[in-house]
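Asks: Using the sequences and the accompanying hints, generate a full structural model.
Chains as they are written, first to last, in my numbering: chain A, 1 to 229; chain B, 1 to 257.
Hints were generated in silico from the structure; no laboratory data involved. Glycine is no exception: its CB is placed at the ideal position from the N, C-alpha and C atoms. All clues given are correct.
Here are some chain B residues the structure puts well away from chain A; computed CB gaps all over 10 Å:
hint, residue
1, A42
2, D85
3, H113
4, F152
5, P175
6, T207
7, V217
8, W249
Pairs of lysine-lysine residues, derived as BS3-like cross-links and limited to a Cα-Cα distance of at most 25 Å, are as follows:
hint, chain 1, residue 1, chain 2, residue 2
9, B, K105, A, K64
10, B, K239, B, K197
11, A, K65, B, K105
12, B, K197, A, K214
13, A, K62, B, K105
14, A, K132, A, K214
15, B, K197, A, K132
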Amino acid sequence: MESRLRVLLLIACAVALGGCSMWPFHKKQHAEELPVEATSADGTAPSVVEPQVTRRTVKTPKIKKSNFEIGPYIGTYSAEDFGVNPVLGARLVYHISEDFFAQGLIGRTTVGLTSYERLSGGAQLLTDSQRKLTYYSLDFGYNLLPGEVFVSPRRAFNSALYVTGGVGATHFAGDNRFTVAIGAGYRLLLNDWLAAHFDVRDSIFDIDLLGSNKTTHNLETGLGVTVFF
Amino acid sequence: MRTVLKLASLLILATAAGLAHAADGARQFDRDAGRYVDVAVADPYLELHTGAGVSYPVFRVIPRGEHIEILFRRTDWFKVRDDHDREGWAHRDNMQETLLATGEKLPLEDLSHRDFDIWPWEAGAQSGNFGGGNVNSLYVSYSLNPNLATEFAVSQTLGRSANGVLAVLGLTHAPRPDWRVAPFVELGSGVIRIQPKATIISPPERTEQVAYYGAGVKWYLSRRFILRADYRSYVLFTKRDTNEDRNEWKAGFAFFF
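Replies: If you want it as structure tokens, here you go:
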């Protein structure tokens with residue numbers, strides 16, 4: 001009963017606030033354009049022929065913005081105790097300034113067997129579906145060393161060595177695990193819209209698969225391309 | 001391994017295609033007339049850098065009166081082309097004094113403060129503590145005016161006894177959005193999907209309605225970049241006799257666009 005009332009009150013509040021926001025007090029006041037009275041020097045109304053001029057309208061094209069990068073990557077993911085396996089992922093990057101960027105990553109790998117599982121013969125710690133490891137990460141990045149790569153006397157590519165840090169989650173062994181990820185990468189701009197990336201990341205998360213909780217470091221390397229848009 | 005090889009060859013092909021594209025083009029300046037914004041340099045000169053950054057060297061200086069085409073913009077840098085088809089990067093501050101064909105200055109946004117008419121959108125990621133567990137959150141907000149914004153957020157809660165997904169729609173009100181450290185209050189409602197993690201008896205997953213109020217600060221750190229920290233108090237309207245309360249602390253970064 002009480003909860004319903006609270007929801008109603010909240011909705012009323014939200015509607016009222018939303019309504020207030022529509023009030024146009026933030027709009028810039030545009031000066032009223034008054035028609036200019038044409039008067040001659042002696043103050044009498046002049047007899048002027050209205051010029052029949054059609055003004056040419058110059059349409060300025062919009063400047064295209066290109067702050068986003070999107071693309072896939074492939075690499076290796078070393079899940080602690082579970083071996084090194086191929087990983088496939090995708091990234092979306094937004095360049096905030098020439099120094100800073102924000103990025104989101106999604107990746108997936110299938111982990112292998114632990115040494116214990118290999119040696120014991122038949123004992124399986126995880127089912128096949130639990131061996132699928134999926135992670136996402138929301139990172140903040142800094143272009144630490146911007147530079148140029150000279151491939152020939154007449155051609156140079158812009159590049160940057162960057163560092164990232166972020167948080168996310170890893171879905172592995174039947175649970176979602178809070179993950180902190182740090183990384184470093186190298187971006188090579190092949191032209192205005194295409195870049196190649198090489199990344200090394202460490203995803204750190206706790207796992208309690210073998211009874212006690214332990215922090216694992218999961219190293220990943222990746223090679224990818226991105227398209228700017 | 002075969003898949004990896006296939007993907008690697010695709011990667012190489014894509015790279016080659018990109019290189020081929022970069023190599024093509026002669027007298028582009030005239031061919032692209034009308035396609036890009038054409039401006040005339042009005043400052044004594046315009047410096048062209050080899051890359052989009054202050055540390056990239058200036059390799060060409062365009063004197064006053066010459067025309068350039070603006071190909072695109074990345075952060076505060078403009079990729080431009082002169083009438084000899086030489087391309088380079090010019091900084092926003094240097095472009096401020098260029099003139100359009102109409103004789104007007106190139107309209108660029110004012111960077112001294114956040115103009116909510118030009119940049120109403122904001123997006124960010126935050127992480128912190130939700131009722132004793134971890135939480136990761138992603139939000140998008142739209143400013144209705146400098147003070148008031150609507151916000152949509154999706155969070156993943158990762159606790160010891162339960163995980164969950166939370167989606168909320170809310171309003172934030174900043175009394176002084178012009179301050180460098182701007183406080184705000186917030187109010188909203190949404191739903192949470194709770195997935196308990198008990199090992200012996202597994203309680204069913206449940207979806208509850210939630211409402212929250214909270215407060216926080218946004219620190220406008222540099223151009224378009226914000227640090228944000230929030231405290232929120234959530235009420236979960238359960239189907240049982242008592243409602244549940246959760247406190248949330250989180251901090252993260254955001255940017256506006």
